[in-house]
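Please assemble the complex out of the two chains, which come individually in their own frames, going by the hints.
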Amino acid sequence: MKISELTQLLNSNSKGLSNSQQNDMDLVYQKLKKIAKSQRFKIKNNGLNTTELVNEAWLVSKGGNKTFNDRNHFFAYCAIAMRHILLQQARKNRLLTYVDEDNKLDQQIIFQQSDYLLELERQLIKLKEYSPRLEQIFTYKFFGDMEFEEMAKLLDLSERTIFRDWKKAKAMLSVAMKT
Amino acid sequence: MNNINDIWDEIDKQFDNDDSIEIDTYFKQQGFKNPIIGDSVTNSADTLIDFTFSPELLPKDTKLSKYNIKKQINSGGQSEIYLAQRSDGVYEKTVVIKFIALRYSAETLRRQFLQEMQLLADLSHPGIVSIIDGGITKDNQPWLVLEYIDGLHIDEYCQNKQLTPKQIIKLFLNLCDALNFVHQRGVVHLDIKANNILINTINEVPYPVIIDFGIANGVNIDDEKGDIFGTVGYSAPEQMAGKKTDQKADIYSLGMLLGQLLVGNSQANIGLLDNKKRNEAFKTLKIKNDLISIINKATQQKTENRYQNMEAMRTDLNNFLYGLPLINQQNHIGHILLKTFSRHKIASILSLLVFISAIGFWGKYTSEISSQQKQTIIAKNKSDELFNFMLTDLFTNLTQIGRIDILKLVTKKSIEHLQNQEIEIQDSQSQLQTATAYANAGKVFDALNLSEQALSAYDKGIAALNSLSNNPLYRKPYLSQLALIKNLKGRTLTAKGQQQLTEKNLLESLSISQQLLNSYPQEDLNEVYESHTQLGWYYMEYENPEKALYHINTAIETAKSMNTRQLSYQWIFNLSQAYQVLAWYQLDYGNPDEAISTINKAISLANRTVDENGENILYFFNQLTLLNQLNYFYLENLQTQKAQDTVLKAINIGESLQQQAPKNLEYLRELAYAYSMAGKLNELDQKLNISLENYQKSLNITKVMNQNDANDFSTANDYANDLIYAGTIHEKLNQIEQAQLMWEKAIEIMNPVHLLEPNNKYYTNTLIIALIKTGDLEQAKPLIKELKESGFNDNEFDDLLKKYKLN
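These protein sequences, in sequence, are chains C and S. The letter at position 121 of the first sequence is residue 121 when you use my numbering, and the numbering goes up by one with no holes. The letter at position 439 of the second sequence is residue 439 when you use my numbering, and the numbering goes up by one with no holes.
Chain S with its partners taken away, still in its complex shape (with noise of 0.2 Å):
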């Protein structure tokens, strides 16, 4: 088959040849009956000329098409779209015939559309437009006729009729309900934004019309290739990326298309803006933060962290409307309270109904943490809402009763969930919550002597509070917050025996505390206390006595400044706390009776916060932990009668928190300390085999401990010491071997701690007990000398070096 223009060539030189040949002549050589193309269009096309430009001369049985096209709407675009009079002697009605700029050549697609459309044509809602026909033509291309909505599009109207922003929810909440109800028949819209929502008005009451759904703009493609239409700004992000998309791509583009209709002209496209710019956008033109919030959800980046379908939204923007706390906030009892009260001058019924439900939440919660079942737990971590309240209010409930055990569970879900948020289209209040979050989590895995994934923790923390360095109102709780988190950080720091980073934290989180200190002096000197108290334990054990007591002498000071001004328990536990920490600065740098009675002083104190609040686990700890240390300090002072006495209450408190929280390693070192304990005491007792007992139940908490964190020196120091002791009674029964393996794992033990950390005079001083006591006296000498330079001091010590000749 030649090619047309070789054809046309061919013709060409015919009649550049041939001047004469007379057109019709040459159609009669081509065989031409009639000649395809006359002289005029007037004679070719005379009926539609007539058509034209005068209908009414065309005969009167012509027979025409029930639609009339009146003109073409839109010109250039991706589709054609036309205003059509359809009046087939049963209705008129006015239509927009719509030719979709897409070729569906494939089966499947076809049946897909067709589908798709009779699904549409089936929706009968005032909020949709109706589909009156469609079909796809012979050249594959599929059309609808649709119903004409003779109105503005919702951008239009707002700011024409000037709608205030709850105007503009109320004529919103009809629009949710239209989507909700395509969605529930498994429609997704997939180009919602102002362009595709006219505003039909009966009777003067408007009412959002949705048009031009997926399937009108071709978006139903969704296999083959990526041929997906959006609007950039108002698409959601997996829909431009042409990943696979359901309901929610749809909430987000609500969500954009929400905040639009409250910027109004503002923003040209406020989904163009970070988060941080739209909800500045926002919060210029004052709109309510609850708003922000609805908004944020529905437009977060994950589909998991946005409202789940439509109805949640929905649910959301009512309760905005009528002034009810949101799902989405759910996580605060505390704003659902004050949301409550708020509500109850408006005294309607729904809000009556909202209050019950939210006790319900509550009750049901507090129910499940009381019966602690993991599990049920566990389950409702699935709850994203229920994440963050997990690691902040529910953590003190749950460290209160011990369960540090349920809270590695929620804290190990929470960071999987935190990590999912992404930080930077969070708004500050969230940004806040995650900071503490963290904060909480890293106190978790800190307890669980976890310090990794603490320092892990408290870094996101951290990187969260960054965004909220620039906002004046967010000033004293980001102080605080980054405070308290440097100052854990810190004390994570300690147990891992990292000097220089520690001291940099804990200095960094005093300064913060003083910056807070100056600007709210009204304020609870927590930040601060803590900041001291801290540094007085870094300078105790890295040896700078006289910053050590300017320091724990100001943690004090605070304490009791505080406690005047106040009855919190909190403080009284806090003062105890600080004059513990005296107390070992007293034993290690002054005099041990001093110690003594200032341990006391301590005890005593601890003992009022369990006597007058006993339902704070913590307080029997802090207890247990100051009888531990007056125990040491009667050994120390060679006082073992008073020892005696201590030790047996020390123990009865330990296994009562071991029964508590049989999980709480924290908690179980104190026990294993106070096992130690009566160890040594019935040592002297000469009670050998009571001793070796003790010693064991020491051992066995002590050796789980080390397994769980190796890189924990001070866990390591604990299993060490009980090994020598331990060994050392063996040695006294003429056990020798087991004594000999004892020692030499002790060694093992603590040879890699002293190698990293060779300025910790305890540590130095265990490994050189297991040395002289393995006979390794020579590996021992040089470290005996290093130590004593460092002015150690300690009874027992002194006698074994003694023993062995060794001083």
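Chain C with its partners taken away, still in its complex shape (with noise of 0.2 Å):
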């Protein structure tokens, strides 16, 4: 995958993936479910990691897949991948407290996690609006757990404006979701 194919990928919103795009998203989610489940006994009382599951995927297909140049790209292309998968489910989950109201779903830690993911999907995509940098950053590091070096080579940029940029985008976004 290209740079420009990740970034195609990272301009598109959830809901507008392409057929192509989704079954790409499809493919990963069911790698990543595999993963978590061979993983499960290592992890059983830390809960899934996102590291883990990329890293682990990334050996996984590390033989037979071509699509990818390099680890970054891999890295990159999970972040998306993994923020696209979760507010999926964020979605039906909130979808779920609306028809199912006797339940009070909404009182469930998970069913909060999803509406603060998708309250953070709103901002985001504000942030791309403001800043498709910010937004690429934030992404790479908080739903790939990427590192800062490895996000400096891919974006061709310093380390230490990665750096500053994260910290800028943590800010923005905090104070977005606190008003």
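These are calculated hints, taken from the structure and not from any lab test. Quick caveat: nothing in here was measured; it's all calculated off a predicted structure. In this text, a Cβ means the ideal position worked out from N, Cα and C, and glycines have one as well. None of the hints are false.
Taking lysine-lysine pairs in the DSSO-like style, the calculated list, with each CA pair at most 27 Å apart, reads:
id, chain 1, residue 1, chain 2, residue 2
1, S, K66, C, K104
2, S, K745, S, K785
3, S, K687, S, K803
4, S, K70, C, K104
5, C, K128, S, K13
If you want the footprint, here are the derived chain C segments under chain S, 3+ residues with CB under 8 Å:
id, stretch
6, 92–100
7, 111–125
8, 135–148
9, 161–170
From the structure, some residues in chain S lie toward chain C, with a derived Cβ separation under 8 Å:
id, residue
10, F27
11, S44
12, I49
13, I69
See below:
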């Protein structure tokens, strides 16, 4: 996958994914799910960790996967995939809170986290309009646990800039979500 | 309040200016207790991640929804639809969760949605998808939980199973039942199409299930704005136009759906075809006419022309399936009988029941006619299906009993009805029927001397025929009907004095009849006969004796040859009429004795029709006109004694006709003529008072007729003549003032007629007499010269000229 395609994917919001993008996303989801299952025992007490999931996914796919030129591309893709996958689940969960009012689902932590992600998504869309780079860096870091060094290479920027952008994005999103 | 972008600009500047700001310090400065955004989603949404990738990791006591969304079924459509599993410990069920792509913020809409949802949830029918739950979210988005039907769409099903039309109808009847069930409860679907009908197969028995009600598409907005959904080709025109809809909109869609199922893949969307192409598509696939007529009836553009409810359409489909006559065709009694016969092969109890009801229908109908209760008939008119019948089969019956007056009412209603029908979307049979109906309506108007209306009806009839012109299956009825209408049009135009137009129409009629004769030499020669007869009259009227004689003789030969072919009172009648024309020809251009002998031939034929088939009022009427004419001939020939006898016969027949058909102006006119004759004969006998009495009776009739249609010059002429005659008697009785008034009135009537039709010698003659009587000889002289030059020959006229020394 070329960086331009990655950017394209990042640029499309989750509702507007093309069929092939959606298929890719579903494949990633299946892969991650499989990995999650196999790692179940290792991580039992800490829950799932994105870094580990993605690292594992890279290792698993490294052999046969020629889509990605390097590890950074793959990680970036995974970050976006993670954002989409979680968002989809969050949406379904929110729908469930609507159609299953009896169970007071909105008081459950899963559903609260779903709402949180949905709100974050709304702000991310605004942030993308404000500064696509800030949104990109935030996504890679927050959803893909990418290192600053990796992002710097991928985006051809200094680590210092990446770090400053990350701080900016966090600050901006926090303020936005607070208001 | 600052715009978020301004705040972000501020943050951006802050971090650019001081690279050393720690994010946690910043959060503290902002007064955030906990960082709202963590370093990783792994921390911020850990439970969600577990739930997403490995739900078995969730703690045992995690409370989840009773629904588990499996997948989104559609994407990119108007609404979001999910397939979900419901498992709340009570039962497991696959359901569909649908979020409708509308926001119901207005309280009225919210309430309406919830009410309808409740209504649908209460509908329990195997042909209707069950609504399990529903509501409106905080964001005002309506949602529904529906039963999941795991089946093919109805069109895919019919295609895959290669169902025959009858099998399709069987399946379809279940759909009608379901929709009827819904309609009876006041709910309308408004989006009936293949995509919204699934086939639920239970124990290998397929059953169509209606999904996606209007409410499920947000169609229930009928007030606010025109936010109406529908499907091009399937939705009724009124729905597409955003007008108010009812169950008839569903009937339209259902008709289209049936058509689509029948044509299968051969047409992508029959709803997009015009009626003609659609019917062609059906015909190509050899779909039965009855079935096509059901579809056409259901998909009429105007709601009032469609089946009025589901039950009616369902009944017709069922009738079709069992070979029973259709409701939508019960106007053809012959059709019903035909069906009844073919149906007896099946010999089912059902068929007998329908047979009895069909007979009952007919019996009731005729009893109403025979009791001649106008009101009942008018009430009956309200039933759409009867209109065309009224103007076709019934026309003959009503003219026979002479109830032109009832026909007038029927005709007016029927014309309104015909005007509401869109001829382009009718099938050929209906188009032909419409043309016939218009032709008959025209005849009625003509008989009522309403020539403008008559001409308009004829033109509409011709227009209705237009669409049949290229249909080889309808060649014969097309030509026959066209010839007939042109002929009728010619007759009406004659009465209006439209010389050129009359000739044009009559010649067209003749040429069409000859085409018909060439193509179908064995057929009845009625059209040929009629054309020649009318042309005979026409050429006599406008002084072309050679042409006139040719057409008259051809008409006689035609009638004679038909009489040798078959015994038919109609053709005896026709022959008598042809002799009548010949007699007039002989009177004008030949020997009066010959004329009297010919008209007597005509009368003896007319007597035969009356003696042997006295039920037909037209035959009586024929007798009356012939007797009147004989009288005229006798008078011309000064055989007053013979005339005295015939005039009494004529008045007798005329008065009896008047009783049978008091409003038939045509009959009245003949009666008036007989009175006028009696007036003349008594005048000759010097019985002036009896004479005046008879003239007055005649005058009373012709006056009304003239008031009825001032454009009918022939009537005007009659009225003027009566005025002249009655005036003359007054003169003889020394009532000069009355006499003058009547003559002046006659001039007043005839002046405009003469201006418009100077070549008509009879009209000119009348005007001259009136002018002479009033003493206006100067105005009369040039007219007399004109008339003499045209070869006009009339004893009475000559006497008058001698008397005033004007010859």
